[in-house]
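Number of protein chains: 2
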Amino acid sequence: MTRFALTVEFDGRPFMGWQRQDHGPSVQQAIEEAAFAVTGERVAVHAAGRTDAGVHGLGMRAHLDIAKPIAAFRLMEALNAQVRPNPVAILECVEMPEDWHARFSCLARHYEYRIVNRRAPLTWEKGLAWRIAADLDAEAMHDAAQLLVGRHDFTTFRSVHCQSESPLKSLDRLDVVRAGDRIAVYASARSFLHHQVRSMVGCLGLVGQGKWTAGDLRDALEARDRSRLGLNAPPDGLFFVRADYP
Amino acid sequence: MTRFALTVEFDGRPFMGWQRQDHGPSVQQAIEEAAFAVTGERVAVHAAGRTDAGVHGLGMRAHLDIAKPIAAFRLMEALNAQVRPNPVAILECVEMPEDWHARFSCLARHYEYRIVNRRAPLTWEKGLAWRIAADLDAEAMHDAAQLLVGRHDFTTFRSVHCQSESPLKSLDRLDVVRAGDRIAVYASARSFLHHQVRSMVGCLGLVGQGKWTAGDLRDALEARDRSRLGLNAPPDGLFFVRADYP
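These protein sequences, in sequence, are chains A and B. Numbering-wise (full-length UniProt numbering), the first sequence opens with residue 1 and increments by one. Numbering-wise (full-length UniProt numbering), the second sequence opens with residue 1 and increments by one.
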């Protein structure tokens with residue numbers, strides 16, 4: 001058996017999410033079926049993060065074990081050929097030691113959330129960004145975001161379906177950057193709770209519109225109560241950017 | 001009659017191009033039908049440039065004349081509501097003097113051509129960029145591109161269907177800029193011939209792959225012969241970015 005690490009880009013729009021589902025297509029299934037077509041082996045593909053339906057990947061990391069002797073580069077080319085027409089691309093494929101695990105070895109995960117701040121609807125970015133019509137104060141969003149950085153109980157920002165053992169997480173970075181009518185939110189942590197990034201971005205959107213103060217955001221965090229969440233942002237604007245390993 | 005100038009963004013993928021066609025949908029038709037739904041008037045929409053099938057718009061300029069009294073902001077909002085589900089958005093709408101013409105008053109047109117330089121296929125950018133698998137030398141492309149800047153007979157870089165009276169054009173800018181695996185080509189001129197940007201980018205792609213030297217590009221230009229064109233780049237990566245007016 002050889003373990004291969006994959007760097008995967010995908011368009012989340014047609015998928016029910018990363019993880020295999022009974023009721024619809026998933027990125028995991030698309031790659032596992034491509035691997036079967038290439039090797040004849042039924043493999044399991046493990047990822048650094050299990051993204052929701054409609055969430056995209058720029059540099060998701062994953063691994064799979066293959067018995068058949070095959071070079072990493074040839075495996076990458078064959079997976080890319082077989083995964084069509086799914087909007088999934090293997091950007092990199094490298095051999096790894098057997099104890100390297102895309103999920104458990106991961107030291108940090110980086111997300112980007114893309115907002116388009118304008119009245120007009122989206123065209124070629126439809127499904128790839130969250131359009132907010134009301135003028136957003138990105139500086140106020142960035143300042144408020146710093147209240148969430150650090151080690152906190154993120155119960156308010158956690159889906160009721162979250163399977164994590166603890167709501168305690170350390171958020172390393174939450175930066176809000178405007179460029180013209182584009183606002184990007186950069187979030188980094190060792191790991192995130194289910195819906196955490198979307199929940200934080202949703203509340204920052206309220207801050208940006210002046211509907212919430214920074215104090216409202218702090219109160220929501222300290223309440224540790226999901227019913228105090230202001231807004232869960234849509235999956236459209238969320239991109240899994242990168243995972244870091246030792 | 002009031003003349004309104006529009007700034008239009010559109011996703012070129014579902015359209016036969018900007019201009020109205022008998023055999024398929026066009027951006028012009030989508031906006032004209034939205035204007036009819038809003039005002040009950042059969043109007044003609046004139047644009048700064050007539051883009052090809054599959055070419056996108058970030059900031060196309062256009063104008064239309066409306067008899068019914070309506071404020072510019074309300075017209076914009078109503079057009080955006082009525083143009084759905086077409087991937088067309090009116091970003092700005094302003095009143096203009098009657099002698100302002102989106103096409104004839106235009107002093108400069110700016111295009112961007114987006115290349116993704118990697119082996120893996122495109123996912124969420126499919127139809128929004130030209131993927132070139134072979135390693136490109138962007139510096140060599142930029143250096144060669146400077147041979148095309150200035151006033152030249154661009155017959156080699158002109159579609160046989162071009163309706164321009166003269167093949168003489170002044171190219172003001174042709175810059176090639178790499179950022180990671182993204183290469184952008186920025187082209188600016190008072191006006192372009194039909195297929196000129198795609199034809200120039202196609203040949204620069206050959207230079208980037210080392211299949212053509214800068215000398216080959218100069219020879220192709222000086223030949224003034226369409227059959228000497230190396231390659232016409234696909235429409236996917238081409239975006240009409242901006243038009244300038246007095």
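Hints are computed from structural coordinates only; laboratory data are not their basis. Keep in mind that the hints are not guaranteed to be accurate.
Note: identical chains are not told apart, hence a pair may lie in one copy or across any two.
Heads up, simulated SDA-like pairs for lysine to any residue below, C-alpha to C-alpha not over 20 Å straight-line [what the hints assert, rightly or not]: (1) Lys126 / Ile70; (2) Lys211 / Pro69; (3) Lys126 / Thr7; (4) Lys126 / Glu95; (5) Lys211 / Asp22; (6) Lys211 / Gly59; (7) Lys211 / Ala133; (8) Lys126 / Leu147; (9) Lys126 / Asn80; (10) Lys126 / Gly215; (11) Lys126 / Gln82; (12) Lys126 / Arg13; (13) Lys126 / Asp181; (14) Lys126 / Gly54; (15) Lys211 / Arg131; (16) Lys126 / Cys162; (17) Lys68 / His161; (18) Lys68 / Arg151; (19) Lys211 / Glu139; (20) Lys126 / Ser188; (21) Lys68 / Gln19; (22) Lys126 / Glu92; (23) Lys169 / Ala108; (24) Lys126 / Leu58; (25) Lys169 / Gln19; (26) Lys126 / Arg114; (27) Lys126 / Ala81; (28) Lys211 / Ala189; (29) Lys126 / Glu77.
Hints, one by one, checked against the model:
no.	hint	in the structure
1	Lys126 / Ile70	neither (39 Å within a copy, 29 Å between copies)
2	Lys211 / Pro69	neither (58 Å within a copy, 35 Å between copies)
3	Lys126 / Thr7	between (25 Å within a copy, 18 Å between copies)
4	Lys126 / Glu95	neither (36 Å within a copy, 29 Å between copies)
5	Lys211 / Asp22	neither (40 Å within a copy, 49 Å between copies)
6	Lys211 / Gly59	neither (34 Å within a copy, 31 Å between copies)
7	Lys211 / Ala133	within (14 Å within a copy, 48 Å between copies)
8	Lys126 / Leu147	neither (31 Å within a copy, 38 Å between copies)
9	Lys126 / Asn80	between (25 Å within a copy, 14 Å between copies)
10	Lys126 / Gly215	neither (33 Å within a copy, 43 Å between copies)
11	Lys126 / Gln82	between (27 Å within a copy, 17 Å between copies)
12	Lys126 / Arg13	both (10 Å within a copy, 13 Å between copies)
13	Lys126 / Asp181	within (15 Å within a copy, 23 Å between copies)
14	Lys126 / Gly54	both (11 Å within a copy, 16 Å between copies)
15	Lys211 / Arg131	within (17 Å within a copy, 43 Å between copies)
16	Lys126 / Cys162	neither (28 Å within a copy, 33 Å between copies)
17	Lys68 / His161	neither (38 Å within a copy, 54 Å between copies)
18	Lys68 / Arg151	neither (44 Å within a copy, 59 Å between copies)
19	Lys211 / Glu139	within (15 Å within a copy, 49 Å between copies)
20	Lys126 / Ser188	neither (25 Å within a copy, 28 Å between copies)
21	Lys68 / Gln19	neither (25 Å within a copy, 54 Å between copies)
22	Lys126 / Glu92	between (27 Å within a copy, 19 Å between copies)
23	Lys169 / Ala108	within (12 Å within a copy, 53 Å between copies)
24	Lys126 / Leu58	both (17 Å within a copy, 14 Å between copies)
25	Lys169 / Gln19	neither (22 Å within a copy, 54 Å between copies)
26	Lys126 / Arg114	both (12 Å within a copy, 19 Å between copies)
27	Lys126 / Ala81	between (27 Å within a copy, 15 Å between copies)
28	Lys211 / Ala189	neither (27 Å within a copy, 45 Å between copies)
29	Lys126 / Glu77	between (29 Å within a copy, 18 Å between copies)
Consistency with the previously given hints fails for numbers 1, 2, 4, 5, 6, 8, 10, 16, 17, 18, 20, 21, 25 and 28, ordered from lowest to highest.
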